[in-house]
Amino acid sequence: MTELAFDIREVSYRYNRVAALNWLSMQVRRGERVALLGANGSGKSTLLRLLAGLNFPQRGEISFFGEPLTEARLQDEEFFFRFRRRVGLVFQNAEIQLFNPSVFDELAFGPLQLRWPREKIRRRVEETLEAMGIAHLKDRAPHRLSGGEKKRVALASVLILDPEILLLDEPSGALDPGSQAQIVEFLVSCGNSSKTVITATHDLDTLEDIADRCYVFENGRVAGQGTPLEILHDVALLERTKLMRPHHHVHGAGGAQPHPHLHQHEG
Amino acid sequence: MRLAMHIPDGYLSPSTCVSLFAAAAPFWYIALRRLKAALHTRMIPLLSVFAAFSFVVMMFNLPLPGGTTGHAVGMGVAAIVLGPWAAIMAISIALTIQAVFFGDGGITALGANCFNMAIVGSLVGYAMYRLLARRASIGSVRRVVGAGMAGYTAINVAALCAAVEFGIQPLLFHDASGAPLYAPYPLSISIPAMMLGHLTFAGLAEFVISAGIVAYLQRSDPELLRLTAPGAPDLHETLLPQTDPLRLPTARKLWLGLAALLILTPLGILAVGSAWGEWTAQDFSDPQARRQIAAASRSEAPPSGTPRGLQHLSSIWTAPLPRYAPAFIRSASFGYFVSGMVGVGLIIVCSLLLNGLVARGGIEQPVPGRRRRKSFVEKTALGLVAAMQEALFAEDMAANGGFLQRLDPRVKLAGIGAFIVASVAVRRIWALAAMLALCIVLAVFSRIPIRLLATRIWLAVLAFTGVIALPAVFLTPGQSLYRLPVLEWQVTEQGLRAASFLILRAETAATFSALLVLSTLWTQLLRAFRYFRMPVVLVAILGMTYRYMFLFLQTAEDMFESRETRMVGILEPADRRRLAAASAGVLLGKTMQVSSEVHTAMQARGFRGEIRLLDELQMRAGDWLRLAAFVGTACIVVWLGR
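Line order of the protein sequences matches chains A and B.
Reading the first sequence from the start, the letters are residues 18 to 284 in our numbering.
Reading the second sequence from the start, the letters are residues 734 to 1375 in our numbering.
Next comes chain B alone, as it looks inside the complex (with noise of 0.2 angstroms):
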């Protein structure tokens, strides 16, 4: 189950990127300056060498009750490791690489992404961790257990953090006619869409990881948990665990919870009520609050006087409901309960069809004999193997010498970059079909196949954004189309435009960027960064770490496929964990150790903590011509669009 925790682009207004990009921005600078002075020179290769080792322990298949499995984003472990500000720079630098390259999490929305899990998750990881752990021994079941709720609270504030950004969006940016540009639902369904996965699968699966491993350190690597227990006793004073934290509730259970969180999440929302202010229908006829939304959505005027969507979301539900029900079953925060459990139930079910139509039509291999289901240890190894495979592939594709692979390295990056926010900003369809369409034209010129483009950019895109936007053409509120029969489901007009709004943008931005990494090497790239005023150090950071994640995949993928040899029998789900676990664990003992070894490795070269990088160049009067050819077709596209 993948879940929208990396926000792909498309899905906030380019206002929203900018003002957490802002509120990323004071953090990232706090980080390194602290770094710096902490680490001095071994700050470049720490953190290089641990963003590679996240990014490949996002990879891994980590089971669940219930025979799923899920992935782990690994900022509690981050922040239990390195402390709270190296962890911020690490999981920042691996959240850009893997949007860059691998299209998981939007360009445009690498800032909101790099807020929620890099900067909070971090920051209330690690305070959850010291809260829980306080001075308990290093070896203490108190700390295992501290680091699988800094793990499992830091995925769900930081999931919080992502719902509130999706939820304010329909509000704050839509077209004349009140259809969504962005993010098509209101609070009442984004939080408890977001929350039922997080608080179930996504933060178990970050329990698991976060507690795995710190027990896995106690055993065998304890001084890598000595920065942040400062003043900890490291005697075992407790030599086992009494209760294993990595047996958890069977799937029954697991259920019935996610039953009840369906239920209680929308409740805790409208306790909250208005507090999230704006999207109380009311606020629409308020002329001082439909004056502020004017001014966010460049004084385009809402819908005036009917609280259109809102007022009608509430009758819907009410409607069928007798007179003499009680009053509160009448009210608009009813309505708002039900369409909200609605929307989310909608979302599942969607979810659960499309998973089950690509599991079909995937590439799974035929299985002679009774059908087995895929073991974590394969599945993770396929998926670091496919990953590998994915960026060989990119790095071929970047060497043939089509139209956009002979561009200066600096003019794609500046020129496909206006492209994607363009397909941000344009609030006209027909602006981003037509983008679409250039993405084809490029493509066809760069000798990238279509087919490519095809299965693996339009697609996955359909497949995860075509589950989210789907119930939105019920569930926004706006002149009726036609009526679902049986269910009277009204689809709406305005639902339709949002969910299109929302496909074609993640379809155009998403095709962009894989124009970008497809046309580009990666060294190219840096440079290009470079040119543009990207700090010294980070590009070094970068170029490090996407450097030692191949090292990185292939010894995970060894690791896997040595165990998949040696393993006789099933094992245990609470074994499976274990074992996940302590792969990890391995993988990070590994890891520091490379840090210090790439360290004196720099500087037995004379590195003494100052990078210095060898800069490439002018741009020459074709290159300038080519970026104003750029540029200057995407601010068209935007003012004609607008």
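Chain A extracted, bound-state conformation (with noise of 0.2 angstroms):
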């Protein structure tokens, strides 16, 4: 069996008075990659905060490889070095996660406060700019990025610490096909080596390509879970938990416009 990275049990928190996880128990296994579906509100992106340590729960507890990860834990510099070293988040907002003045600086925050002498930072920056294919926004401001190159150079300034654990929260939300289809990419080539991915979304179409895993959230629990496969064809579970509306097409006498069927369904 191989080790959890993440386990979480009966874990409870609320904002003032708004429940956003109620008795959750979830557990993450290391390599693998996790996706957490569910509606806008259920709780997803609260969970990812608990899992990157910058929130932490009111009732419950949740363990990281085997320790407790407590608000008192990561006050030790030794422990909160170590953590961050290894959990990556990438925030759903990337206006909230670009804060420096240029993309270089962006990239070079997370290593500078991990203390890495400088002339690694330095090699290491390019590197990252280089892989992700934005050194061509080096020296741009972020308010000078489209959204897709704010997604990108976000994921790149996680990235570029080369976090063990990855946590996304809607990687390509609100972006165009193109740039979704890159980070989708990205997500895919994450299979293939050890990194442990939890991503937030609620796009199905490519839940097969980013996950090997899923739970599915409702009000703050887990309403179901299983392979991607299984997910996509629990028809009511969806529909129930407002990841897909009720389906409704009709099919053209032609088949004008054939499309793929996730689920099978007469007529």
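No lab work stands behind these hints, which were simulated from the structure alone.
Only a predicted model underlies this, so the values are computations on that prediction, with no experimental measurement involved.
Quick reminder that beta carbons are idealized off the backbone N, C-alpha and C, glycines included.
It is possible that some hints are incorrect.
Stated by the list, open to error - In silico DMTMM-like cross-links for lysine to aspartate or glutamate, where the CA-CA straight-line distance does not exceed 25 angstroms:
#1 B/Lys769 <-> B/Glu1330
#2 B/Lys769 <-> A/Asp93
#3 B/Lys1112 <-> B/Asp837
#4 A/Lys212 <-> A/Glu147
#5 B/Lys1112 <-> B/Glu1330
#6 A/Lys155 <-> B/Glu1111
#7 A/Lys212 <-> A/Glu144
#8 A/Lys155 <-> B/Glu1123
#9 A/Lys212 <-> A/Asp226
#10 A/Lys155 <-> A/Glu136
#11 A/Lys212 <-> A/Asp229
#12 A/Lys137 <-> B/Glu1290
#13 B/Lys769 <-> A/Asp229
#14 A/Lys212 <-> A/Glu256
#15 B/Lys1323 <-> A/Glu49
#16 B/Lys1112 <-> B/Glu1343
#17 A/Lys137 <-> A/Glu181
#18 A/Lys155 <-> A/Glu49
#19 A/Lys259 <-> A/Glu225
#20 B/Lys1112 <-> B/Glu1123
#21 B/Lys1112 <-> B/Glu1290
#22 A/Lys155 <-> A/Asp179
#23 A/Lys212 <-> A/Glu49
#24 B/Lys769 <-> A/Glu95
#25 B/Lys769 <-> A/Glu94
#26 A/Lys155 <-> B/Asp1129
Unchecked claim - The calculated label-pair distances, taken between Cβ atoms and stated as ranges, are:
#27 B/Asp1129 <-> A/Ala198: 28 to 38 angstroms
#28 A/Glu27 <-> B/Glu956: 36 to 46 angstroms
#29 B/Asp1291 <-> A/Arg140: 38 to 48 angstroms
#30 B/Met1267 <-> A/Gln92: 26 to 36 angstroms
#31 B/Gly1134 <-> A/Ala198: 51 to 61 angstroms
#32 A/Gly164 <-> B/Ala1196: 52 to 62 angstroms
#33 B/Asn1133 <-> A/Ser42: 52 to 62 angstroms
From these two lone chains plus the hints, build me the complex, please.
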């Protein structure tokens, strides 16, 4: 049996009076690619923030490779740097994540905080810019980037640390199909490496490419889990959790626009 | 109506600038220390994002009575939401970005502007709010009124500080002929001129924005008011305000009040009398005072014996009065009083005339059908777009490979900085003209279109400084050159010199800073700041402020544009004010949210409160050489033009 990267036991979290997570339990194994599915406000983003050690559960426990992940534990500098080095979170809103004056500074931010030697930082920044195909953006300011470029820079700013565990909050949200494809391509490539990837999404089209296992969220609880295929076939679950609207369409007489079906239906 | 709240370069002498920087420094130091202790790792994102917010809010057009609009600085709100120390820092940062990027306020005068608005303004605003609100509940009307008064008092005390800074200039700094080298008006004119605008328009704008934002927060985000309201019950005891603080007096009352102020303010100054010290005529013949003045103005003897202008001034106005008039009318004080009023009146007339000219010659689009006044929503949206475009345009300029663009940013910062200081320090008109010529040469070699400088810098500065300088031609006492027919006002040689000093200085310094901005990318400028040992925290905050300024400009513009498309019919003035304040309130809510999110995003990448930056390499020999050339030339100009 492989090691558990995250073990989440009966966790609850609430913002003021609004509950975001309710007695949630789940496990993520090392090297696994997991998708968190759910409608807006179902608690996916909250869970990612707890896993990234930015907020802490009011009830329940989260452990990280067997060690408890608590606020007190993260005060310890040695653990803090080790944890940050291993876990990277890409935020849903790239505007928030890009807080530096230029793309170069953005990429250098993480390594600088983790006190890498300066020469190594310069080298790694160049390498990452090349690898992500954004070398031409190096001296640009964030307000001069397009939506897709912002997303890629945000991803690069996390990948530069080469984290073992990658937490992604709607990585392809609000992107044009071309930019979406690039992000998905990257996530597919992660499948070949040993990275653990946890992706929050409500995009069912790419599910099979980016995940080995899915959790479906509803009101801060797990409403269902399984492989992408199992989940995609559970139409009742998807409709109930508002991930799919009740399926209505007419197949024209000539079948002018053939399209693949993830599920079977009559007609 | 733009007011002289942001002091430009050239209005204050170098020694005044230095002493105000020195006065501001301990406050900044204490503020940083306190904030670090209180906010831990949240300080950097909070200050930067809030500074970006204040920058954007300063561009909001606020509808005021009488159909005018005004801008607010927002120090009252800052002090209420952030507490006085964080407000000092946030507003100082916003002022810095304004000075460096948009030429609002001079670079050498930055210390003075921060002292007046950020430090004095925040502290006074905070004290006023705490004093008036006391332990009133979070949702009470008292807090709304307290906030309004906090804003009103803060801007007025800040304006008074600026007026005093202006007013002491002509006395301490003048050339051999007695012509003032910097701001040319004595306290008797500078105080009423400044206070008139601030006690009315700017003060009202500040009142509206502070009261309006607090009223908005009470309903939507009361938690933001908690910080500066310790021990206040949060029950909504009084549900709705009985008297609406945003319902302000109508235009007629306002004009009456203005007239009353015009008469009363100089009287108030007279009452204070020579507490201001040096500016009475007699002081010039008092040997001890003369020595003090001489020491202050680089051991150049002040005009001897004759209290030149001052006595002369009093005689201008008392002469035509019959002999049997009561003694006080023939006194020097009365002369002051009258000259003060005439000076203020002249400045107002000039600004109205120029406003009219600029409005007619401006880029106003012809509106088919009847002439329509732009709504404040439209005006604000246009202003926001203009600011964004200006900044983007500067970035594009900085990317073309001209002479200045290719210089190392550190060389440019220090070199052009030296010239800005030189343009404030020299005491000869030819030296200023020579430096202005140098600017043109640099612009040509850097492929910066002269037309751009002419319209954006020279004309703008002339419109603003010209209005202020023109009356000095008549009001400065000295050797008469020409007498205006009918009015009998004399144009004095000293007056002409004073006006040219002020205008040329302001033009030269503004052109130099424009060259710096147009030829340097912000990121490079930040590196240069870092090289010159600006604390890492400040560099990081400035970078983040500039970055989020764009986000908020965009957000605010979207907000106003969507408002505009949904606006049906004409709003009551009070509703318009409420709308403007609510927009600012919404933006403030977003600001606080962005600041906390950015904080988590920073933490997620290993930030623990101590920021680290990648410092760039060393200066090469060639860079040193160019730097030496720049600074050397500036020094020579100062020496020759002393």
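Right, here's what the structure says about each hint:
Restraint check: the Cα-Cα separation between B/Lys769 and B/Glu1330 comes to about 19 angstroms, which is no more than 25 angstroms; the hinted pair holds. Of the supplied pair hints, the one linking B/Lys769 and A/Asp93 holds, its CA atoms being roughly 20 angstroms apart against a limit of 25 angstroms. Between B/Lys1112 and B/Asp837 the CA atoms are separated by roughly 19 angstroms; this keeps the pair inside 25 angstroms, and the hint holds. A hinted pair counts as satisfied when its Cα atoms are at most 25 angstroms apart, and A/Lys212 with A/Glu147 qualifies at roughly 20 angstroms.
Simply put, B/Lys1112 and B/Glu1330 have alpha-carbon atoms about 31 angstroms apart, too far for the 25 angstroms limit, and the pair is violated. At roughly 36 angstroms between alpha-carbon atoms, A/Lys155 and B/Glu1111 are farther apart than 25 angstroms, so this suggested pair is violated. Of the pairs offered as hints, the one joining A/Lys212 and A/Glu144 holds, with about 19 angstroms between alpha carbons and a cut-off of 25 angstroms not exceeded. This hinted pair checks out: A/Lys155 and B/Glu1123 have alpha carbons roughly 23 angstroms apart, not beyond 25 angstroms.
The hinted pair formed by A/Lys212 and A/Asp226 meets the criterion: a straight-line CA distance of about 15 angstroms does not exceed 25 angstroms. For a cut-off of 25 angstroms, the pair hint linking A/Lys155 to A/Glu136 stands: about 17 angstroms separates their Cα positions. Proximity of A/Lys212 to A/Asp229 is assessed by CA-CA distance (about 12 angstroms); at most 25 angstroms being required, the pair is judged to hold. A hinted pair counts as satisfied when its Cα atoms are at most 25 angstroms apart, and A/Lys137 with B/Glu1290 does not qualify at roughly 42 angstroms.
For the proposed pair B/Lys769 and A/Asp229, the alpha carbon gap of about 45 angstroms is over 25 angstroms, so the pair is violated. Note on A/Lys212 and A/Glu256: the hinted pairing is violated, with a Cα-Cα distance of about 31 angstroms set against a maximum of 25 angstroms. Between B/Lys1323 and A/Glu49 the alpha-carbon distance is near 37 angstroms, which puts this suggested pair outside the 25 angstroms criterion. With a C-alpha separation of about 41 angstroms, the suggested pairing of B/Lys1112 with B/Glu1343 is violated against the 25 angstroms cut-off.
This hinted pair checks out: A/Lys137 and A/Glu181 have alpha carbons roughly 19 angstroms apart, not beyond 25 angstroms. Straight-line distance between C-alpha atoms of A/Lys155 and A/Glu49 comes to about 32 angstroms, which puts the hinted pair past the 25 angstroms bound. For the given pair, A/Lys259 sits about 19 angstroms from A/Glu225 by alpha-carbon distance, which is consistent with the 25 angstroms threshold. For the suggested pair B/Lys1112 and B/Glu1123, the alpha carbons sit about 16 angstroms apart, so the restraint of at most 25 angstroms is met.
A distance of roughly 11 angstroms separates the Cα atoms of B/Lys1112 and B/Glu1290; the hinted pair therefore holds under the 25 angstroms criterion. Simply put, A/Lys155 and A/Asp179 have alpha-carbon atoms about 19 angstroms apart, close enough for the 25 angstroms limit, and the pair holds. Restraint check for A/Lys212 and A/Glu49: satisfied, since their Cα atoms lie roughly 7 angstroms apart, inside the 25 angstroms limit. Proposed proximity of B/Lys769 and A/Glu95 is supported: the alpha carbons are some 23 angstroms apart, at most 25 angstroms.
In summary, the hint linking B/Lys769 to A/Glu94 is supported, as the alpha carbons are separated by about 19 angstroms, within the 25 angstroms threshold. The hinted pair formed by A/Lys155 and B/Asp1129 meets the criterion: a straight-line CA distance of about 16 angstroms does not exceed 25 angstroms. The hinted range of 28 to 38 angstroms is satisfied by B/Asp1129 and A/Ala198, whose Cβ atoms lie roughly 31 angstroms apart. Here the CB-CB span from A/Glu27 to B/Glu956 is close to 30 angstroms, at odds with the stated 36 to 46 angstroms.
Taking 38 to 48 angstroms as the suggested C-beta distance range, the pair B/Asp1291 and A/Arg140 conforms, at roughly 40 angstroms. For B/Met1267 and A/Gln92, the Cβ-Cβ distance of about 30 angstroms falls inside the hinted range of 26 to 36 angstroms, so the restraint holds. Judged by the Cβ atoms, the range 51 to 61 angstroms given for B/Gly1134 and A/Ala198 is violated: they are separated by roughly 36 angstroms. Between A/Gly164 and B/Ala1196 the C-beta distance comes to about 40 angstroms, which lies outside the given range of 52 to 62 angstroms.
At roughly 60 angstroms, the beta carbons of B/Asn1133 and A/Ser42 sit within the given window of 52 to 62 angstroms.
Of the numbered hints stated above, those contradicted by the structure are hints 5, 6, 12, 13, 14, 15, 16, 18, 28, 31 and 32, listed in ascending order.
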